[in-house]
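For the protein sequence lines, the chains are A and B, in the order given. As numbered in the numbering used here, residues 1 to 315 make up the first sequence, in order. As numbered in the numbering used here, residues 1 to 275 make up the second sequence, in order.
Misleading hints may appear alongside valid ones.
[As the list claims (entries may be wrong)] Straight-line alpha carbon distances no greater than 25 Å define the calculated DMTMM-like cross-link-like pairs of lysine to aspartate or glutamate that follow: (1) B:K148 with B:E214; (2) B:K272 with A:D78; (3) A:K147 with B:E101.
Hints in this document: simulated from the structure, not taken from any laboratory.
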Amino acid sequence: MPSPAIETEALTKVFRSRAFPSGALREVRAVNALSIQVPAGETFGLLGPNGAGKTTFVKMLLSSVHPTSGRARLFGRDARLPESRRPVGYLPENHRFPTYFTGAGMLDFYASLSGLPAPLRRARIPELLSRVGLDGWGNIRIGKYSKGMLQRLGLAQALIHSPALLILDEPSDGVDPVGRRHIREILSELERNGVTVLLNSHLLAEVELFCRRVAILRKGSVALEGEVKALTAGKGYRLTASDIPDNLRAHLASAASAVSARNGLVSFQFPGRPEVNSAVDSLRAAGCEIDSLIPTTSTLEDVFVQTIEGNPAHS
Amino acid sequence: MNPTATAALLRDTFREAMARKIFWGLFGLSTLLILFFLFVLKIDIVEGATATISLFGKTGGTADVDRLVRGVYGFVAVFLYTWGMFLAVFASAGLTPAILEPGRIELLLSKPVGRTHILLGRYAGNVLVVTANTVFLVLGVWIIFGLKTHLWPPGFLLTIPITIFVFAVLLAVVVLVGVLWESTALSVMIPVALMILSPILAQERIMMKLLSSEWSRRLWRALYFALPKIFDLGTSTLNAIRDRSYSFFDPLWTSALFGAVMLAAALAVFLKRDY
Chain A
1 MPSPAIETEA LTKVFRSRAF PSGALREVRA VNALSIQVPA GETFGLLGPN GAGKTTFVKM
61 LLSSVHPTSG RARLFGRDAR LPESRRPVGY LPENHRFPTY FTGAGMLDFY ASLSGLPAPL
121 RRARIPELLS RVGLDGWGNI RIGKYSKGML QRLGLAQALI HSPALLILDE PSDGVDPVGR
181 RHIREILSEL ERNGVTVLLN SHLLAEVELF CRRVAILRKG SVALEGEVKA LTAGKGYRLT
241 ASDIPDNLRA HLASAASAVS ARNGLVSFQF PGRPEVNSAV DSLRAAGCEI DSLIPTTSTL
301 EDVFVQTIEG NPAHS
Chain B
1 MNPTATAALL RDTFREAMAR KIFWGLFGLS TLLILFFLFV LKIDIVEGAT ATISLFGKTG
61 GTADVDRLVR GVYGFVAVFL YTWGMFLAVF ASAGLTPAIL EPGRIELLLS KPVGRTHILL
121 GRYAGNVLVV TANTVFLVLG VWIIFGLKTH LWPPGFLLTI PITIFVFAVL LAVVVLVGVL
181 WESTALSVMI PVALMILSPI LAQERIMMKL LSSEWSRRLW RALYFALPKI FDLGTSTLNA
241 IRDRSYSFFD PLWTSALFGA VMLAAALAVF LKRDY
């Protein structure tokens, strides 16, 4: 059985600092005993509010932050070893590429650090620039690039050595909708080719569209983990009706998870089949018109908000 | 160590030094000095031993050729030791904090290159930038004067390794300050303070008479032993140029020890730190 692309065991990071002038020790537990396994070839989304520990977790995978305890492995190798990072491509959030580079020069530098020999670099650089839509920009200093172009160049940098694991921190940040779609197409192609992708993004719709599995972090721990399809499917029914007497409306509202009214129509969101069947019976008995009944799936955003706000259904 | 990565780190430091006009600034200054000796200062050898010197076409009289050449070499060596060294430290101070900037260091560390490799790569690249300029200036002046006077005293060439050595020692301090505080200003101030302190600490005989207590004398000796002996190395180089007796051994190994400790401390901090 092949080793997972990412495997962490009780990975923990506690940032310690001393308060001035009291000298009191302050501790922030950024990541708390996080155990995650991402099989090779999977597309995995890492979600969480600001300060949830996503970036610290990624940095521990890449050894720019040292874990306080626990361990991380990349394709079965200890993540602290430089060699374990050879099959990894990384696009950090808020990257700052040196502006003295041209696009091609920058790709050449990072490809060299990944150990790519010169002939291969010469072949890959124009190919990748074209792939991310930066044809003709290779010899231009990156100080002249727009934010979206820098993001595309960053993606090219992460792909230059044909990584088996791609870790992307907000890859669509600053990219226009067309560019975003383009990036998504590239990622889908990589997925088809068996590349493991760890996507850390605030754009939940993007994660929902692309990732097969997600983990939602809250205060450094996994609050929810599962397949996107399972998390967002079969979550309830929306029943819309008119001419509902007030007492019945109040009764139905007590069983519904949400109620909204518009143009004389009232919509009830029921969490399950028994509740909606009972509501249909009540409405028909009262002679009300049923306008529509549709099964609803919750979006990843719903799941995210419910998880972060502590809805017991998801915690 | 991956040689492709090493070459990339060295090239990157050169590229950044050029982009920051560090390389070109030092190169321009060296070129100006060379051009000065090449075109402005004219030497006509008279009967092999004496020479008439003219500056901007104005003749300044005759002088002993050997003394003249050694005098000029001494001037270039002192220039390199004082202004050259200060400019090199000043220009290099930002190169270490630059790679530690958020958004840049994470990407560097995500590559299959160890932290020691990254820091030493930048350090070596920085030393190479100054080496290129020192070799260009010293060899340029030596060749020009050799061609003009037919004298090729080898002592002047010692300026190359000694200048590079002293810079490498000071650069270790720059790197340590850079990784500790990520401050360009402090990275300049501390090595410059060492440069200023060195000639003062070297006045051991005078200071032993002036200092009244034994503990202050001990402190003085300890500081003199521990800190880099920039002044002593400079004096020995000048003596070598003037064909006088000189000894590099003690100042060289104690300064090397200081530089090695600074570099090891910088590596220890860099290896431990979270970015």
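Verification of the supplied hints:
1. B:K148 with B:E214: violated (54 Å)
2. B:K272 with A:D78: Roughly 17 Å between the alpha carbons, so the hint for K272 (chain B) and D78 (chain A) holds.
3. A:K147 with B:E101: holds (18 Å)
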